[in-house]
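Asker: I would like the entire structure built from these sequences, with the hints used as guidance.
Chains as they are written, first to last, in this note's numbering: chain A, 35 to 144; chain B, 638 to 750.
All the given hints hold, so there is nothing to weed out.
A short list of chain A residues far from chain B (calculated; beta carbon distances all over 10 Å):
no.: 1; residue: N58
no.: 2; residue: S60
no.: 3; residue: E98
no.: 4; residue: S118
With the Cβ distance kept under 8 Å, some of the chain A side facing chain B (calculated, not the full set):
no.: 5; residue: S43
no.: 6; residue: G77
no.: 7; residue: L80
no.: 8; residue: T85
no.: 9; residue: S128
no.: 10; residue: F134
no.: 11; residue: T136
no.: 12; residue: G137
Rather than coming from a laboratory, the hints here were simulated on the basis of the structure. Virtual Cβ for every residue (Gly too), placed ideally from N, Cα, C.
Each chain, letter by letter, is given below.
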Amino acid sequence: AQSVTQLGSHVSVSEGALVLLRCNYSSSVPPYLFWYVQYPNQGLQLLLKYTSAATLVKGINGFEAEFKKSETSFHLTKPSAHMSDAAEYFCAVSEGKLIFGTGTRLQVFP
Amino acid sequence: NAGVTQTPKFQVLKTGQSMTLQCAQDMNHEYMSWYRQDPGMGLRLIHYSVGAGITDQGEVPNGYNVSRSTTEDFPLRLLSAAPSQTSVYFCASSPRFREAEAFFGQGTRLTVV
Numbered sequence: 035a036q037s038v039t040q041l042g043s044h045v046s047v048s049e050g051a052l053v054l055l056r057c058n059y060s061s062s063v064p065p066y067l068f069w070y071v072q073y074p075n076q077g078l079q080l081l082l083k084y085t086s087a088a089t090l091v092k093g094i095n096g097f098e099a100e101f102k103k104s105e106t107s108f109h110l111t112k113p114s115a116h117m118s119d120a121a122e123y124f125c126a127v128s129e130g131k132l133i134f135g136t137g138t139r140l141q142v143f144p
Numbered sequence: 638n639a640g641v642t643q644t645p646k647f648q649v650l651k652t653g654q655s656m657t658l659q660c661a662q663d664m665n666h667e668y669m670s671w672y673r674q675d676p677g678m679g680l681r682l683i684h685y686s687v688g689a690g691i692t693d694q695g696e697v698p699n700g701y702n703v704s705r706s707t708t709e710d711f712p713l714r715l716l717s718a719a720p721s722q723t724s725v726y727f728c729a730s731s732p733r734f735r736e737a738e739a740f741f742g743q744g745t746r747l748t749v750v
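Answerer: Next comes the structure, spelled out in structure tokens:
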């Protein structure tokens with residue numbers, strides 16, 4: 035069965051600093067990987083997805099993620115954090131149904 | 638564009654009561670699923686469906702039933718509510734492809750006392 039592991043349940047950065055949220059996957063077949071964001075009291079929305087077309091994937095709000103097969107990783111980055119980025123972020127792998135990681139809560143300090 | 642609609646948004650139940658969480662989508666998606674979200678545990682899959690008349694269990698199915706009589710609707714039934722079922726429940730739908738994006742409802746916050 036496929037799975038994802040998110041390292042760090044909480045990440046805190048200053049506004050303008052680099053954001054790095056870590057995700058490692060386990061899959062016996064080429065994976066389809068996703069990052070979703072959840073703002074307080076809302077549902078999840080898609081940030082970006084990897085479907086093997088390109089290893090560097092750009093998403094909404096300036097986020098991007100790089101698929102590294104050798105490291106089984108799909109880390110999410112943003113060069114400069116904004117206060118509005120404060121949310122919970124979930125990495126997921128698709129078997130048709132989505133299997134989620136445990137999430138990382140991002141705090142952004144002024 | 639309604640997308641995925643969940644009702645109710647909030648619910649308080651007493652232990653032992655039953656209820657149905659409603660989920661409807663208007664995108665003609667084949668896949669529908671139910672997740673529960675608990676602090677520190679991410680989203681865990683309860684049940685899912687790949688089309689009308691077809692359902693299957695996810696990671697945490699005990700205490701929940703589902704049915705899929707139409708493409709649009711995928712209700713989740715709590716048979717006899719327990720405090721351990723206090724959680725936020727999300728319904729999602731997607732086209733039937735591994736690479737397809739899932740669309741989520743706004744969630745139902747359930748408290749069992």
